[in-house]
Each structure stands twice: as C-alpha cells, then as structure tokens.
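Single-letter residue listing:
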Amino acid sequence: MDANRWRIPKGSQPGMRVDGLIFSSAELIGDVISGGGPKQVANVAALPGIVGASMAMPDIHWGYGFPIGGVAATDVDDGGVVSPGGVGYDINCGVRMMRSNLDAGDVRPHISKLTEHLFADIPAGVGVSGPFTFSSKEMRKILACGVEHLISCGLADASDAEATESSGCLGGADADAVSPQAQKRGADQCGTLGAGNHFVEIQYVDEVYDARAAAVMGMKLGQVTVMIHSGSRGLGHQVCGDYLKSLRSAPGKYGIELPDRQLVCAPVKSSEGQQYLAAMRAAANFAWCNRQLLAVQVRKSMSQFFGARDTDARITQVYDVAHNIAKIETHTVTGRRRRLCVHRKGATRAFGPGHRELPACLRPLGQPVLIPGDMGTASYVLLGTQTAMDRTFGSACHGAGRVMSRKQAIRHAQGRRIDVELARAGITARARGRTGLAEEQPDAYKDIDAVVECVCSVGLASKVLRLIPMGVIKG
Amino acid sequence: MSGRCETFDHTADVGLSAHADSPEELLEVLAECMCDQVCPRKNVAPDSEREISVEAPDFEALTVDFLDAVLGAIQIDRFAVASVKVTGVTQTSASAELLGTDLDPRRHEILTEIKAVTYHELEALERGGQWTARVILDL
Numbered sequence: 001m002d003a004n005r006w007r008i009p010k011g012s013q014p015g016m017r018v019d020g021l022i023f024s025s026a027e028l029i030g031d032v033i034s035g036g037g038p039k040q041v042a043n044v045a046a047l048p049g050i051v052g053a054s055m056a057m058p059d060i061h062w063g064y065g066f067p068i069g070g071v072a073a074t075d076v077d078d079g080g081v082v083s084p085g086g087v088g089y090d091i092n093c094g095v096r097m098m099r100s101n102l103d104a105g106d107v108r109p110h111i112s113k114l115t116e117h118l119f120a121d122i123p124a125g126v127g128v129s130g131p132f133t134f135s136s137k138e139m140r141k142i143l144a145c146g147v148e149h150l151i152s153c154g155l156a157d158a159s160d161a162e163a164t165e166s167s168g169c170l171g172g173a174d175a176d177a178v179s180p181q182a183q184k185r186g187a188d189q190c191g192t193l194g195a196g197n198h199f200v201e202i203q204y205v206d207e208v209y210d211a212r213a214a215a216v217m218g219m220k221l222g223q224v225t226v227m228i229h230s231g232s233r234g235l236g237h238q239v240c241g242d243y244l245k246s247l248r249s250a251p252g253k254y255g256i257e258l259p260d261r262q263l264v265c266a267p268v269k270s271s272e273g274q275q276y277l278a279a280m281r282a283a284a285n286f287a288w289c290n291r292q293l294l295a296v297q298v299r300k301s302m303s304q305f306f307g308a309r310d311t312d313a314r315i316t317q318v319y320d321v322a323h324n325i326a327k328i329e330t331h332t333v334t335g336r337r338r339r340l341c342v343h344r345k346g347a348t349r350a351f352g353p354g355h356r357e358l359p360a361c362l363r364p365l366g367q368p369v370l371i372p373g374d375m376g377t378a379s380y381v382l383l384g385t386q387t388a389m390d391r392t393f394g395s396a397c398h399g400a401g402r403v404m405s406r407k408q409a410i411r412h413a414q415g416r417r418i419d420v421e422l423a424r425a426g427i428t429a430r431a432r433g434r435t436g437l438a439e440e441q442p443d444a445y446k447d448i449d450a451v452v453e454c455v456c457s458v459g460l461a462s463k464v465l466r467l468i469p470m471g472v473i474k475g
Numbered sequence: 476m477s478g479r480c481e482t483f484d485h486t487a488d489v490g491l492s493a494h495a496d497s498p499e500e501l502l503e504v505l506a507e508c509m510c511d512q513v514c515p516r517k518n519v520a521p522d523s524e525r526e527i528s529v530e531a532p533d534f535e536a537l538t539v540d541f542l543d544a545v546l547g548a549i550q551i552d553r554f555a556v557a558s559v560k561v562t563g564v565t566q567t568s569a570s571a572e573l574l575g576t577d578l579d580p581r582r583h584e585i586l587t588e589i590k591a592v593t594y595h596e597l598e599a600l601e602r603g604g605q606w607t608a609r610v611i612l613d614l
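Those sequence lines, one after another, are chains S and Z.
Here the first sequence is numbered in our numbering, starting from 1 and rising by one per residue.
Here the second sequence is numbered in our numbering, starting from 476 and rising by one per residue.
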C-alpha cells in the first residue's frame with residue numbers, strides 16, 4: 001500500500017471476511033514473508049465478526065493460530081468471537097518499567113555486582129518457586145481482584161495500580177473459571193520471572209526524543225531504570241490449554257468454519273465465550289500480581305545493595321502494559337461506536353491522548369507503550385496516538401520479534417561466549433538455564449530500531465525515550 | 476521397541492516427529508521424547524507409578540491431550556518421568572502408566588519449561604501400517 005503497509009486482499013484465501021494488513025518496512029518485510037506470519041494474518045481474517053482488517057505489527061512473526069504481533073477486533077454485538085489463540089498461552093505477558101533516583105554514572109562501576117545481587121534475589125528459571133505463598137482463598141482474591149488485593153496485603157500501593165494498564169485488575173474475572181490444575185500450576189509462581197524471553201533489566205536513558213513527555217514521566221537523560229518482562233506463568237499456560245480443549249466443540253455448535261484448529265473460538269456473547277473471558281481475565285490479574293511481586297523484590301534487592309533506606313521508595317513505577325490479552329473496548333469504526341473484543345497477541349495497547357482510561361497525569365500525553373528490545377541493543381518508551389486509535393484500535397508493536405528458532409540460536413552461538421560478548425559492550429548478563437543466553441542472543445531478534453521506526457513512521461506511536469541495557473537477568 | 480522420535484526446529488519452539496508400528500508405541504515415544512526435553516529420563520529412578528487416561532474427539536486431539544496429561548504430571552504434580560507405558564489406546568481414548576519419582580531439583584536436571592502442547596501443524600495418523608506424528612511444543 002505504501003512504504004510501511006502491506007495488504008493481503010480479502011479473497012486471497014477462502015473464508016477471509018476482511019483484508020489482512022501488515023505494518024512493515026522494506027527492511028523488515030523479507031523476514032516477515034519467509035516467517036509464515038502473513039498466512040496466519042489471512043487465517044485470522046476468517047474469524048466471525050472481525051471488523052476493519054486482520055492486522056499485524058512490524059514485529060510480526062509466526063505464532064500459534066494468531067501471529068505474534070497480531071491485532072484483531074470482533075464486533076461483540078454482531079456475532080464477534082473471542083479466540084484463546086488470539087491471546088496466546090502466556091496470558092497478559094507484559095512489561096513493567098520503573099525509574100530510579102540513580103544515574104548511569106553511579107551504577108556503572110557496580111553493575112556486575114548489582115546484577116549478581118539481583119540474580120541471587122529474583123526467582124528465575126524453570127521449576128523455581130517464589131518467596132510468596134498464598135492460601136487458596138488468597139489465590140482466589142488475586143485472580144478476582146489483581147493488584148487491588150496486593151494493596152490490601154501491603155504488597156502494592158495505589159500509585160503502582162494507577163500506573164498499570166486497567167489499574168492491574170480486569171473486571172469480570174472469575175476464579176471459578178480457572179481450573180484447580182491451573183491454580184495448582186501457578187500456586188508458587190506468583191513473583192517469579194520464569195524462563196525463555198522473560199527478564200529483569202537494569203537500563204539507562206540513552207536518548208530523550210520528547211522532553212515534555214519524559215519530564216511528566218519523571219525521566220531524564222542518563223537516569224537508571226528497571227524493566228521487567230514476565231506474564232501469568234504456568235497458570236496462564238494452563239488456562240489457555242484448558243480452554244482450547246473445552247472450546248473444541250464450539251465452532252461446530254455455532255457453525256463456524258476455521259482454517260486452523262488453533263484458532264478455535266466462540267461468540268463473545270455465548271456461555272463458552274463468557275467463560276473463557278472470565279478465566280482469561282483472572283489469569284491477567286494473576287500476571288499483574290506476578291509483575292508487582294517481582295517489582296517488590298527488585299526494590300528490596302536494590303535497596304539492600306545500595307544500602308540506602310530511601311532507595312526503595314524512589315524506585316517508582318512509570319507504567320505497566322499487557323501485550324497478550326483480549327479486551328472489550330469501544331472504538332469508532334466507519335463512523336459508528338462499536339463494542340469490540342480487541343485481541344492483542346504480541347501487541348501493546350497504545351491509547352492516544354485524552355483517553356479516559358489513562359491516569360490523569362498521563363492523559364494529555366497518551367499511553368506509555370513499553371517496547372523491550374533484545375538484551376544487547378535497546379528498549380523504547382513510546383506514546384500511543386490518535387492515529388493508533390483510528391487505524392489499529394489503539395495498538396502498537398510489543399518488541400523486536402524473533403528471527404531465529406531457539407535451536408538455531410544455540411547453533412549460532414556455538415564456540416562463542418554470549419556473556420563475554422555482552423560484557424565487551426558494557427552489559428552484564430546472567431541466566432539460570434545453560435542455554436538461556438544463547439537462545440536470547442541479540443542476533444536471534446529483529447532490529448528493534450527498525451521495528452520502532454516503522455511503528456512511528458506510520459504514526460501508531462511516537463518516541464519518548466531510548467533505553468540501553470546495563471545488567472540483564474534471564475531465567 | 477522400533478518406534479523412534481526426534482526433535483525438529485520451529486521458530487521459538489521445538490517440534491517432535493515420531494514413527495512407530497502401533498499407536499501405543501507412537502504415544503510412548505512421543506511422551507518420552509517430550510519428557511527428555513523437560514527433565515532427562517536417564518537421571519530418573521522408576522520408584523513409583525502414576526496412571527493417566529484421556530479422551531478426545533479424534534486421534535490428533537487425543538495425541539495432544541495425552542502429551543498434555545504427561546506434561547501435567549511433570550509440571551503440575553512434580554513427578555519426574557522415567558518411562559511411559561501405554562496400557563490401552565483407541566482413536567478417542569488412551570491410558571498409560573508413568574514410572575518415575577518425585578521431582579527433586581537437586582537430583583533432576585530441569586532443562587526447560589513447556590508452556591503447552593499445540594495443535595499447530597499437528598499430524599497423528601496411521602499410513603500403510605506405520606503410525607506417524609508431528610507435534611509442536613510451545614516453549
């Protein structure tokens with residue numbers, strides 16, 4: 001269509017109800033096409049009730065059912081469906097960013113020891129439990145109320161919730177919709193990082209593009225920040241698996257034909273759809289609590305390391321976003337306000353200025369959109385725009401997007417020491433698993449600068465800050 | 476046992492490709508290969524036994540559900556699996572005995588966490604007397 005938009009016309013394959021629309025640049029589109037994502041964009045276009053287009057962000061890569069980077073909105077009042085494949089296994093995987101009162105110059109001489117200290121304190125890796133244990137009654141409150149419950153326990157404060165998408169609590173969550181197996185799988189995992197691409201990073205502000213927005217967020221050049229990337233852990237994985245199974249008969253019951261059984265779905269208004277949404281919201285609330293409890297541990301650990309009593313209070317949350325979620329939102333489509341089920345799978349909400357869901361201090365700016373890059377390059381803070389509201393149901397990208405499989409990445413790292421390579425670039429990296437750093441090496445990901453450039457060129461977001469990693473902890 | 480299972484690359488994840496002379500053997504080699512991705516069986520003593528049984532609308536879905544049940548034993552019930560013995564299988568049901576022991580991170584190496592067994596490009600069928608399957612695991 002133009003330098004940054006690629007259309008898959010309706011009719012390119014049977015069953016498409018709308019066009020496919022991929023946001024990508026000439027630099028990125030080669031990997032997109034070879035990665036199999038466009039076929040999945042076309043498959044998603046077959047979902048009943050889909051409006052606008054089946055979209056994908058520039059970090060698109062192959063996923064289960066939906067591509068990663070996929071955005072699809074279905075009309076709740078016109079037979080629109082909800083699909084667990086449109087959310088993914090890691091429900092409410094997302095990113096939290098906190099600012100500190102420290103400067104990069106203060107931290108750099110200590111970064112190796114600080115990273116080791118955090119690595120010892122933050123539960124990370126497979127099969128690792130956290131220090132927080134919750135009774136089944138408390139677990140139900142976490143699932144139903146999210147961060148609100150942690151406030152009542154003294155593990156969060158109102159400012160944490162205010163600086164979190166949906167205040168860290170999705171209404172309509174039902175603990176009873178989450179199977180006992182799922183609850184058991186997540187019982188000792190709230191406050192743990194997990195493995196794979198999840199991380200805690202100590203970063204610093206390398207570039208400020210929007211001084212006014214940065215000032216409102218309390219950010220300046222050289223300031224040290226902390227970014228946390230994690231999700232709903234085993235609980236969310238189990239919820240997704242449970243509902244992929246229980247919804248198996250729904251397409252037959254409601255006369256829905258699907259090109260991929262991983263896209264299994266049910267009308268939002270059906271009992272099956274409502275049940276899934278109630279469970280997904282509960283898992284999302286669990287994920288927000290997980291990131292909150294990780295933040296509690298980071299604050300405590302950094303406070304102990306620097307030995308300053310007030311450091312804890314000065315590690316302040318900037319924002320927290322979900323990038324694997326389905327939400328009921330109202331958007332204007334062809335001049336009419338419509339209630340939509342917006343699936344964002346590997347895509348970040350990017351509400352523009354003035355949206356009433358944003359906290360008062362951020363409302364004039366638009367929503368912070370947190371984009372983690374690979375551990376050797378950079379991450380970004382962007383702002384959502386009115387263009388995103390108009391074109392993508394208020395959505396933008398979520399990260400760099402993989403270009404290598406894990407095994408490919410391990411092979412690519414053979415004979416190399418990724419930790420040594422990163423250290424040469426001034427980055428201390430520690431991973432629990434023996435292949436963690438190899439799997440997550442910078443070469444395994446797309447160029448984050450190119451992805452962000454594409455999103456901003458299209459107008460879906462605007463740049464505020466660029467952040468450079470100093471210390472990285474992986475599972 | 477003449478059945479065999481090997482892994483193959485898939486973007487961000489890993490796939491299992493298996494061949495066997497019977498559906499019992501197919502499910503066994505798939506499950507044991509999956510267990511090796513999470514917690515290698517060579518370090519697991521067959522001290523105790525667990526039973527699993529699943530039902531599904533067709534053999535492909537059954538394969539996913541069967542592997543999901545084995546995964547649940549490891550990742551939810553913390554039972555390290557040494558071997559899998561299928562005791563009964565039809566197109567829509569399967570039961571098995573898992574031999575193994577309580578998972579102890581000090582004794583058992585845990586290599587990865589599998590989020591789920593997926594339906595993507597799923598294949599599980601009998602062709603010319605040979606049973607084959609391809610399953611992708613979300614890591």
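Read the hints as simulated data drawn from the structure, not as lab findings.
Using N, Cα and C, we set each Cβ at its ideal position, and we do this for glycine too.
Treat the hints with care, since some could be wrong.
Stated by the list, open to error - Partial list, derived from the structure: chain S residues whose beta carbon lies under 8 Å from chain Z: (1) Tyr64; (2) Phe134; (3) Ser136; (4) Lys137; (5) Lys184; (6) Asp188; (7) Gly241; (8) Lys245; (9) Lys407.
To be verified - Cross-link-like lysine-lysine pairs, in silico, BS3-like; alpha carbons within 30 Å at most: (10) S/Lys39 <-> S/Lys407; (11) S/Lys463 <-> S/Lys220; (12) S/Lys113 <-> Z/Lys517; (13) S/Lys407 <-> S/Lys245; (14) Z/Lys560 <-> S/Lys269; (15) Z/Lys560 <-> S/Lys184; (16) S/Lys141 <-> S/Lys253; (17) S/Lys253 <-> S/Lys269; (18) S/Lys253 <-> S/Lys10; (19) S/Lys300 <-> S/Lys220; (20) Z/Lys517 <-> Z/Lys560; (21) Z/Lys517 <-> S/Lys407.
Hints versus structure:
A least Cβ separation of about 5 Å between tyrosine 64 of chain S and chain Z falls short of the 8 Å threshold, and the interface hint therefore holds. Violation of the interface hint for phenylalanine 134 of chain S is found here, the shortest Cβ-Cβ separation to chain Z being roughly 17 Å, above the 8 Å cut-off. Of the supplied interface hints, the one on serine 136 of chain S is violated, with its beta-carbon coming no nearer than about 15 Å to a beta-carbon of chain Z, more than 8 Å. Here the hint on lysine 137 of chain S is broken, as its CB sits about 20 Å from the closest CB of chain Z, past 8 Å.
Interface restraint check for lysine 184 of chain S: the shortest CB-CB distance to chain Z comes to about 6 Å, inside 8 Å, so the restraint holds. Because the beta carbon of aspartate 188 of chain S sits about 10 Å from the nearest beta carbon in chain Z, more than 8 Å, this interface hint is broken. Of the supplied interface hints, the one on glycine 241 of chain S holds, with its beta-carbon coming within about 5 Å of a beta-carbon of chain Z, less than 8 Å. Of the supplied interface hints, the one on lysine 245 of chain S holds, with its beta-carbon coming within about 7 Å of a beta-carbon of chain Z, less than 8 Å.
At about 5 Å, the closest approach between the beta carbon of lysine 407 of chain S and any beta carbon in chain Z falls short of 8 Å, and the interface hint on this residue holds. For the suggested pair lysine 39 of chain S and lysine 407 of chain S, the alpha carbons sit about 23 Å apart, so the restraint of at most 30 Å is met. Under the criterion of a C-alpha separation no larger than 30 Å, the hint pairing lysine 463 of chain S with lysine 220 of chain S is consistent with the structure, at around 14 Å. Of the pairs offered as hints, the one joining lysine 113 of chain S and lysine 517 of chain Z is violated, with about 37 Å between alpha carbons and a cut-off of 30 Å exceeded.
The suggested pairing of lysine 407 of chain S with lysine 245 of chain S holds, with an alpha-carbon distance near 29 Å, which does not exceed 30 Å. Between lysine 560 of chain Z and lysine 269 of chain S the alpha-carbon distance is near 43 Å, which puts this suggested pair outside the 30 Å criterion. Pair hint lysine 560 of chain Z plus lysine 184 of chain S holds up; C-alpha atoms about 26 Å apart against a cutoff of 30 Å. About 34 Å separates the Cα atoms of lysine 141 of chain S and lysine 253 of chain S, which puts this hinted pair outside 30 Å; it is violated.
Using a Cα cut-off of 30 Å, the hinted pair lysine 253 of chain S and lysine 269 of chain S holds, with the two alpha carbons roughly 14 Å apart. The straight-line distance between the Cα atoms of lysine 253 of chain S and lysine 10 of chain S is roughly 26 Å, inside the 30 Å bound, and the hint therefore holds. Using a Cα cut-off of 30 Å, the hinted pair lysine 300 of chain S and lysine 220 of chain S holds, with the two alpha carbons roughly 23 Å apart. Distance check on the hinted pair: lysine 517 of chain Z and lysine 560 of chain Z sit about 16 Å apart at the alpha-carbon level, within 30 Å; holds.
Between the alpha carbons of lysine 517 of chain Z and lysine 407 of chain S the distance comes to roughly 22 Å, so the proposed pair stays at or under 30 Å and holds.
The earlier numbered hints that this structure contradicts are 2, 3, 4, 6, 12, 14, 16.
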